[in-house]
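Visitor: With chain R held as given, fit chains S and H onto it using these hints.
For reference, the chains in residue letters:
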Amino acid sequence: MSHDFSGTIYGRSRPGRHGYHIASQPSAPPRDIPAEYLREGRIGLPEVSEPQVMRHYVELSTLNHHVDKDLFPLGSCTMKYNPKVNEDVASMVGFGGLHPEQSAADVQGALRVMHALEQQLAAISGMDAVTLQPAAGAQGEMTGLLLARAYFASRGEARRKVLVPDSAHGTNPATATVTGFETHTFRSGKDGRVDMGVLESVLDDDVAVLMLTVPNTLGLFETHIAEIVEAVHRKGGLCYMDGANMNALMGQARPGDFGFDMMHYNLHKTFSTPHGGGGPGSGPVAVKSHLEPFLPTPRVVQRDGEFHLDYNRPHTIGALHSFFGNFGIYLRAYTYITRLGADGIRRASSTAILNANYLAKRIAAAYPIPYGERCMHEFVATGEPLKKHGVRTLDVAKRLLDFGFYAPTVYFPLTVPEALMVEPTETESKETLDRFADTLLEIAREAVASPEVLTSAPTRTPVRRVDETTANRNPVVTVPMDA
Amino acid sequence: MDFKNMRFTREHEWVRLEGGDEVTIGVTDFASGELGDIVYIELPKVGAGVSASQSMGTIEAVKTVADLFAPVSGSVTAINGALEQGPDLVNKDPFGDGWFVRVRMSDRAEFDALMDHAAYQEMIGK
Amino acid sequence: MPYTYHTDDDRKAMLDALGLASEDELVSVIPEKHRVRGLLPIERGKTEPETLRKLFGLSETNNPAARLVSFLGGGVYDHTVPSVVKNIASRPEFATAYTPYQPEASQGTLQVIFEFQTHVARLTRLPIANASMYDGASALAEACLMAAKITRREIVLVPHALNPRYRRVLESYVTGQKIEIRPVPASDAGDVDLTALRGMLDDKVAAVVVQTPNYFGALERPWEFEKDVHAAGALLVASVDPVSLSLLKPPGEWGADIAVGECQPLGNDVSFGGPLVGFMACRTEFIRQMPGRIVSATHDIEGRPAFVLTLQTREQHIRREKATSNICTNQGLLATRATVYLSLLGEHGFTELGRVCHERARKLADAISACEGYSLRYRAPYFREFVVACPTDADAVVTAARAEGILAGVPLSRYFGAEGRNLLLVAVTEKHQDDDFEKFCAVLKRAAMVKVG
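Protein chains in written order, with our numbering: chain R, -19 to 463; chain S, 2 to 127; chain H, 63 to 515.
Worth flagging that the hints you see were computed from the coordinates, not collected in a lab.
As the structure is a prediction and not an experimental result, all values here were calculated from the model.
Note that CB positions come from ideal geometry on N, CA and C, so glycine has one too.
All clues stand as given, with none of them false.
Think about it this way: if two alpha-carbon atoms lie no more than 25 Å apart in a straight line, the pair counts; the simulated SDA-like pairs of lysine to any residue are:
id : chain 1 : residue 1 : chain 2 : residue 2
1  : S       : Lys46     : S       : Ala83
2  : R       : Lys410    : H       : Tyr67
3  : H       : Lys148    : R       : Ser4
4  : S       : Lys64     : R       : Val456
5  : H       : Lys425    : H       : Ala128
6  : H       : Lys211    : R       : Ala130
7  : R       : Lys170    : R       : Ala344
8  : H       : Lys74     : H       : Ser90
9  : S       : Lys46     : H       : Asp265
10 : H       : Lys108    : H       : Thr123
11 : R       : Lys215    : R       : Glu272
12 : H       : Lys384    : H       : Gly238
13 : H       : Lys116    : R       : His288
14 : H       : Lys384    : S       : Leu44
15 : R       : Lys410    : H       : Thr69
16 : R       : Lys341    : H       : Tyr67
17 : H       : Lys211    : H       : Gln351
18 : R       : Lys64     : H       : Thr69
19 : S       : Lys64     : R       : Thr450
Restraint-style ranges between C-beta atoms, simulated for each label pair:
id : chain 1 : residue 1 : chain 2 : residue 2 : range
20 : R       : Gly136    : H       : Arg97     : 34 to 40 Å
21 : H       : Asp496    : R       : Asp12     : 17 to 23 Å
22 : H       : Gly435    : R       : Asp12     : 21 to 27 Å
23 : H       : Arg106    : R       : Lys170    : 40 to 46 Å
24 : H       : Glu112    : R       : Ala84     : 24 to 30 Å
25 : H       : Arg508    : R       : Glu286    : 24 to 30 Å
26 : S       : Lys5      : R       : Gly216    : 54 to 60 Å
27 : R       : Ala3      : H       : Cys503    : 19 to 25 Å
28 : R       : Ser(-14)  : H       : Lys425    : 38 to 44 Å
29 : R       : Asn454    : H       : His292    : 25 to 31 Å
30 : R       : Ser(-14)  : H       : Lys289    : 39 to 45 Å
31 : R       : Ala8      : H       : Ala432    : 21 to 27 Å
32 : H       : Arg214    : R       : Asn454    : 24 to 30 Å
With the rest of the complex left out, here is chain R (with noise of 0.2 Å):
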């Protein structure tokens, strides 16, 4: 089937329609730069009118589900209300207005931002220094391994291997082959936690960083993680938190004392900075002491009552950003930790580990949970026990569209058949958490009467299920010049 791009804004273009005038007087082409270094032709960009261009983007953004507008119950991702404060304060012209090149004495405010949060971040995690820098998650994962490599190198030593077990973030991995690794997964316990003795049998001297998830992907606290972690160090290992699940822990306890050496926050998860479809991320990481001295450059530095930006740490990883990292990301995650303050981080925390644990113990009994209904911020169900009636869990996932939610996140953890990880966060009421457990109450009702209903679902949605068999064999990623 050929492709229809009249909805996009290159099939409301027309010859000679401006939008946006830079200049008040005609422009002409530069005379000065040679003709060799010039385009030659049309670039091929679209011409509309302004309000052309408003209506096309309003009426895309109708097509969204969106945290603003219900609960967004997808694990791992932490869509809580993002607060609009926050969005006040990250464009204030102090800020927003600030040039990486300016210098320190012109942005003794952004610099103080930012080593506050990094002390903030540091209290939260019972860890010694923070680097703000990586611009996402994943790019904190690699700050981390780096760091391991710098720290062993230091020592003398080149250690190989990063465990992970089998219910990690698929980041894990790819972020330790990146950073020359090799990734050696091993098998979680019955119980979902880390078994002592599979850990014993795979754990050498050729062990750099055994990363962990805590609470892990099943939404599980690792109860031992001190005899864990003590096992790590023990061969001379180091212990990487991935704190995706930071949002359980918060106030409650501090992957420092647990023992770790370094972990990751996600900003955007826990610190509430809105997801913006996709990003942008913020990935901090926090170190003990013994790895401060790799940490990226520049590190933001107190003298004399002023704040500076130092670039002269002779054992640096080096920079992973342009610049300090997603300064505005920090402005909203300082301005949430701000306001909620310890006391209310600790009941966030708290009131996200309750409306999970409510959450799951209401559908258990139609999607059971595999590794026990007690939870901390997010749980695991699975939708297995309606295979029998030909519904599968993606079905259940695309029926809750049609209800007007978002779907949980789906077949994560691999460890799952027929998964569904469910985080409700703190913010979402009681109200909304009954609705959201009687409509899966209600599909799965749908599944044994009317499977059809569910297995032809979403119908209710701007589109209905996509061919994405076509889309991956012949992907078509623009707009082709001449259509």
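Guide: Chains S and H only, in chain R's frame:
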């Protein structure tokens, strides 16, 4: 379907003896059914050496990717070029037009050690 | 408590349903010895007005470039951000959605990405583009890793005049890989030394990086060496400023295999250098080696046009340790701004933008060249940024200018040591007016006098 000259692997590949020391390799209908719509196949180049149990390519569905393991050692004598434009052949005709590669074996014993059809059927619970 | 909404009755009802007496029992799975006793050493919470007052106070201790006359560039540029761009990007439908895993409820985000990819493909004249990268620097690093994987080679040739901050990120990214970075010297004109480059090409070179305009603002002539690069079996990796592509020959027309760059100038704030948003485009045959999210056009079961994430088997959540990259997200909201920006300016406005930026830059360059003791350091043509050779330390010029409310530019000593001592990198955009130039030249003249005195 005559499975007499065919052997099978635990990774759901079939290997058919074509005479001499040459074999054709593909995946079973069970495998293509489990993977769903196959969207892309990466094959070794003609002339490449392959070793038994080592990856020689990948087979991709929409949300999964599987390694294609060489069932026997040897060198690749032909690849199924039609899969580049038509990966769905593997879904439509896994034992026929959906074949992957031909390999000249360096060790016939590797072929003989693979499962026969009955053993494979038992493995997949049929 | 901010942002949680349970009444005491709600909490009690929920705990009753769980058969629990207190919320504390829910965290009892965390061993007692690890539990935080009391509160963390962070201040107690504040009301919204209190929070705003504190943050506004902090913001006012900065002296933002936006309130001064600024000629700072070096990878981040202060262009006009149209109101429409800000308005659309602030819509919660875009801001508070996430990665479009469920396409049926995410067509808005998916189509915006598809339009972004199309804009990038047209600017670069390469057929394939992804949903965006963290920034221009990591996009370049990822392009080099991609080229090394495609060619199975280990050496990346990197020009001396590459943005030094990009070079640092590239060096960090390849730390764990068997990849060696070799610098290619610059010619006296400010562009790549062609003879030196040709001498460095051999069958171990995976990629040749070319940045145009380069860090010195100089335009490169990649068409002069593209054939040599490909004859050696290497890939040509272009790092380009998308604004310059309004006027300049696109990388797809001079043989680039992969093109990357920074989209901050397209409708995004300077924001102290972050968040930024990178782009990546490539030739069709490399699509499966490309990192990052990619959106494809498709149909729904009723035949309606629709969009969906595609080729996800490349990515970490499926291919895990064999993924093309560990990247997980794109820079969605910033890419959205770039998309709306390019749609709004369109063919006419974007061409006009390039012309005006260059015309303004030339006007300032001419004026500075007419100042006693000052000259343009390099002969190569420039777009909207150039290096000024000063009669004194560039640092001294910067200090003198700042005293009069002008951010003169980036002193190159910051990155190039003694070589850059009297060199100043000056950027111009459409926002600059003639009186900004007059003030700047007056300051430059006075700074030169100080030296003579």
